[in-house]
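Q: Chain by chain, the residues run as shown.
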Amino acid sequence: MLISVLVISVLGVAFGFGLGWAALRFRVESDPVVERIDDLLPQTQCGQCGFPGCRPYAEAISREEADINQCPPGGDAGIRALADLLGREPKPLNPENGEEKSKTVVLIDESRCIGCTLCIQACPVDAIVGAAKLMHTVIASECTGCDLCLPPCPVDCIDIVAAETRPPRWQRPRPQIILDGA
Amino acid sequence: MTRSFGTSGAPHMPPPTSVAKVMLQVLLALVPGVLAHAWFFGPGILVQIILSTIFALLFEFLMLRVRGRPLKPFINDYSAVVTAVLFALCIPPLAPWWISCIAMLFAIGFAKHLYGGLGQNVFNPAMVAYVVVLISFPQAMTNWLPPTALAEYSMGLNDTLATIFTGQVPVVGGWDAVTQATPLDTLKSGVEAGRMVPEIRNSPLFGDFGGKGWEWIANWFALGGLFLLYRRVISWQVPVAVIGSVLLLSLPFWLADPDSNPFPLQHVFSGAIVLGAFFIATDPVSGCVSSRGRLIFGAGVGILTLVIRRWGGYPDGVAFAVLLMNMAAPLIDRYTRPRMYGE
Amino acid sequence: MSMSQQVELAKQAGERTHHFHGGLRLRHHKKISCGDPVRQPPLPELLAVPLLQHVGDIAEPLVSVGDAVLKGQQIGQCQPCAAVHSPVSGIVVAIQERPMSHPSGQPGPCVLIKPDGTEQWAELDRFNDWLDASPDSLMAHMQRCGLAGLGGAVFPTHAKVRDGHNRRTHTLILNGVECEPYISCDEMLMREQPDKIILGARILRRALGAERVIIAIEDQMGAVQKALTSCAEFANSENISVIEVPTIYPEGGERQLVQSLTGLEVPLGGRPSDLGMVCQNVATAAAVAEAVTKGKPLIDRYVTVTGNGVSHPRNFRALFGTPVSHLVEQCGGYTDDVARLVIGGPMMGYPLSSDDAPVVKASNCILALTHKDIADPQPEMPCIRCGECARVCPAMLLPQQLQLFIRNELWDPVQTHGLSACIECGCCDYVCPSHIPLVEWFRFGKGELRKRTLESEAAELARKRFENREARLSRLKQERAEKMARRKQLLKDKAMQQDRIRASIERAEKKGRTKLPTQNSGAPDDT
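Protein chains in written order, with numbering that gives the first Met the number 0: chain B, 0 to 181; chain Z, 0 to 342; chain X, 0 to 526.
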């Protein structure tokens with residue numbers, strides 16, 4: 000009885016060492032997934048994740064310095080896609096980083112704009128056209144809705160508006176399942 | 000002046016079929032075989048079917064309630080009834096009533112609803128139930144009857160009911176007086192004892208192909224299966240693959256050594272091969288989806304059944320074979336995805 | 000088989016007919032609307048002509064409220080899509096959002112015209128002899144006349160012909176296979192105006208640069224074949240053959256028709272012009288004939304108004320913009336048990352919530368169904384994996400897997416399993432025992448895929464702009480830093496120079512030399 004216990008224990012320890020050595024000896028360097036993580040991010044460049052842009056956030060995720068649930072514009076779908084890619088558990092969006100909202104763009108009220116160019120310097124994707132002492136305008140199709148231009152504006156002339164009011168003609172609703180009592 | 004109308008998506012035609020209609024056709028196809036069974040082995044099978052159906056519907060009702068799902072479309076789709084009938088056809092006609100109860104609990108509760116209900120079960124529920132009771136209650140599951148033509152004492156309806164509900168056979172001599180080994184049992188124990196197959200076949204238990212009575216039941220099941228093929232309820236790949244693989248695999252063995260191997264048609268007409276080929280392995284939910292996949296699935300069932308019959312511990316291996324192939328079905332599907340138009 | 004080998008094989012199309020995968024045999028219900036000859040209904044009181052009747056962008060209106068318009072005058076312009084014309088002479092009373100019989104059910108801008116009853120035509124521009132015209136001028140004319148595919152897809156005809164012309168088309172296929180039940184407008188057209196169809200075929204063939212024309216019809220249209228063949232002989236035109244194909248739904252689908260005629264499959268993601276063939280509907284061909292020889296723009300079409308929900312089903316030649324209610328009135332009105340109004344056929348048609356909707360270029364049929372014809376909405380059961388859907392799918396897809404992926408939003412497998420190849424024929428939906436609304440799921444899935452493609456394109460653009468901006472900012476910073484460094488260097492050099500000068504002055508002073516000669520001291524030697 001004692002002999003069997005001893006034998007099994009010794010075997011267990013031996014195999015454990017063997018596996019540990021194999022894990023070190025045959026370790027595979029994982030591919031740089033930064034590109035693939037960056038592809039999944041929405042490229043809003045808003046900084047709500049705590050990083051100055053989507054690429055730095057992607058790099059932080061790949062180095063495991065940041066969690067995958069810090070991106071509000073990507074939302075739940077984005078978190079699940081990241082979880083799928085990296086083999087981690089999806090989790091709800093971290094409320095400290097913001098909350099998921101529908102797509103918005105910004106609109107400059109031209110009657111109040113003073114031409115200070117502070118918003119132009121703030122926009123991460125150069126979506127505002129204008130120059131010093133001249134009218135500033137937001138190119139709506141380029142605006143990602145990051146809202147980084149609102150704080151610098153000294154006269155508070157930038158408003159957030161909803162991006163689309165009517166669903167595009169090619170979009171169809173998700174079928175509803177009809178079940179009695181369901 | 001304008002007029003408004005209610006809207007709903009295309010197609011704007013009444014649907015030709017429904018789950019309930021599919022299940023009812025399966026039940027219809029089973030009727031000839033069931034009647035043949037009752038003809039040869041007495042009314043026990045009918046009592047078992049009624050018992051299993053009652054328990055199956057009861058557990059279906061309970062599980063739907065527990066899961067918070069609506070009763071209306073699911074109880075009426077007859078899928079539980081099909082499971083019950085197929086299970087009842089696999090057990091001895093005199094099995095005690097609690098066998099059906101436990102079996103339906105496993106079939107409906109575990110194998111069906113715990114996996115997600117209709118359309119989600121990985122394993123064939125009837126086979127799961129059969130295997131569970133077979134392994135747990137081997138004694139009760141091996142008390143088979145001989146055909147009434149050969150029986151020393153023929154059990155009427157009252158005797159049958161009494162046996163099923165009390166567990167005691169109301170005959171002098173008890174169980175030993177009325178039960179007898181099945182043809183497959185006899186064959187297996189005989190071969191292991193070293194006797195020759197042709198000699199074993201001289202026993203009155205054996206008919207032209209399989210066991211007396213059993214082969215006729217298989218015929219009627221085959222007829223029902225052809226009806227299902229005609230109505231496009233099942234596709235031809237699985238039955239052809241099962242029976243074909245049984246024939247093809249047993250042929251060389253019989254040709255090489257006809258004394259210790261039964262001939263191919265005997266294999267086909269014994270046990271549950273025909274029932275399995277047309278009704279059990281064709282269960283759409285737990286089987287494969289693509290045509291090639293179904294051929295592989297059926298072939299696997301046939302081959303594994305023969306392997307278990309020849310070298311395994313059980314006289315008939317259809318249930319185990321089906322469950323093993325259920326496990327492989329998703330993998331087979333993945334690798335047999337059919338080509339798309341223009342690919 | 001390589002593509003060129005397939006193209007060669009395609010040239011022998013029609014020698015025998017082949018079968019395509021799947022499909023359904025459906026009851027036709029066509030005879031009820033073929034009893035009477037086609038009629039032109041009286042003018043309605045108001046016509047609402049949508050500015051979007053084709054695949055593409057909404058046309059720009061060329062008229063304003065209060066303008067008088069002539070019949071056939073262009074009222075909408077769209078580059079590079081098909082133009083929109085006024086179907087009547089009258090006054091434009093409004094340009095507003097109205098139901099426009101679009102699959103999405105959304106309203107769109109329509110030009111409301113009140114006819115004045117005179118039916119005065121605008122000046123029409125036609126070819127005196129189209130045999131002399133160049134293919135380019137023919138195609139330009141097709142665009143000006145607003146021609147679009149009248150089989151239901153309303154793809155601008157000139158664009159399709161241009162694509163076929165550029166890719167060496169050898170065969171023009173005229174699609175007279177009206178495979179959906181109830182619809183009979185193409186059949187009536189082929190019976191009543193076969194000469195126009197043959198003429199249109201010849202014009203299209205010239206524009207495409209093709210050699211052959213095949214007119215495909217169903218094998219239960221005996222009278223039609225005779226009519227078309229005799230017209231082809233009368234026109235003394237070579238290489239026009241009328242071929243019957245088996246009547247299986249959806250034989251009229253472009254890809255299925257090509258497979259039936261040639262036995263070849265259009266490559267996945269490709270078009271029939273990859274095999275050197277172009278398909279056009281017979282009604283489109285007739286419209287081409289009228290446009291080229293008479294200069295008439297596309298302002299009307301044959302429409303079948305049928306079903307058990309109207310008293311007297313028949314075919315009309317209806318002007319675009321005619322309200323559906325007007326046509327139903329001409330059919331004797333609704334029956335008592337009418338339950339649903341569909342624009343299109345029973346398999347692929349879209350339901351109309353009101354009969355206020357106008358007839359547009361895509362409207363081949365108005366179907367009024369009774370309660371008996373449609374079923375009550377059935378509960379959707381879980382998929383039982385029976386495989387019937389895959390058995391009947393003409394595109395050889397796996398609808399079962401597709402709906403599972405779409406339901407669970409797994410978009411990569413949706414794409415690899417070929418959702419974009421689905422033709423939305425409805426065969427899978429019809430046979431499903433669990434009554435899963437497969438076509439609705441697939442339409443939803445296609446919309447979601449498109450949305451995701453657009454979103455990823457937008458994200459890519461935003462990323463590029465961000466990276467450019469970062470690059471520009473860092474470049475500016477670097478330039479500034481370099482400039483600063485140079486200036487510092489310059490200052491340092493100047494300072495060094497000053498130091499050097501001061502040092503040499505000090506050295507000179509130390510050595511006893513007096514100050515440097517100034518203005519007052521004279522030269523030692525004065526002469």
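Hints are supplied without guarantee of correctness; some may be wrong.
Using 27 Å as the maximum straight-line C-alpha spacing, the simulated DSSO-like pairs for lysine-lysine come out as follows [to be verified]:
#1 K20(Z) with K493(X)
#2 K100(B) with K450(X)
#3 K10(X) with K225(X)
#4 K90(B) with K450(X)
#5 K493(X) with K482(X)
#6 K445(X) with K102(B)
#7 K211(Z) with K187(Z)
#8 K225(X) with K71(Z)
#9 K10(X) with K100(B)
#10 K487(X) with K476(X)
#11 K463(X) with K100(B)
A few chain X residues that don't get close to chain Z, going by computed Cβ distances all over 10 Å [unchecked claim]:
#12 Q39
#13 C77
#14 P106
#15 G208
#16 N238
#17 G331
#18 R339
#19 D372
#20 R384
#21 E387
#22 A394
#23 L396
#24 G425
#25 S433
#26 S473
According to the in silico footprint, chain X covers these stretches of chain B (three or more CB under 8 Å from chain X) [to be verified]:
#27 41 to 49
#28 118 to 129
#29 169 to 176
In short, the hints are calculated from the structure, not lab data. Glycine included, every Cβ here is placed at the ideal spot set by N, Cα and C.
Q: Among all the numbered hints in the text so far, which are the ones the structure does not match?
A: Going through the list in order, the structure violates hints 1, 8, 9, 18, 19, 20, 21, 22, 23, 24 and 25 and respects the others.
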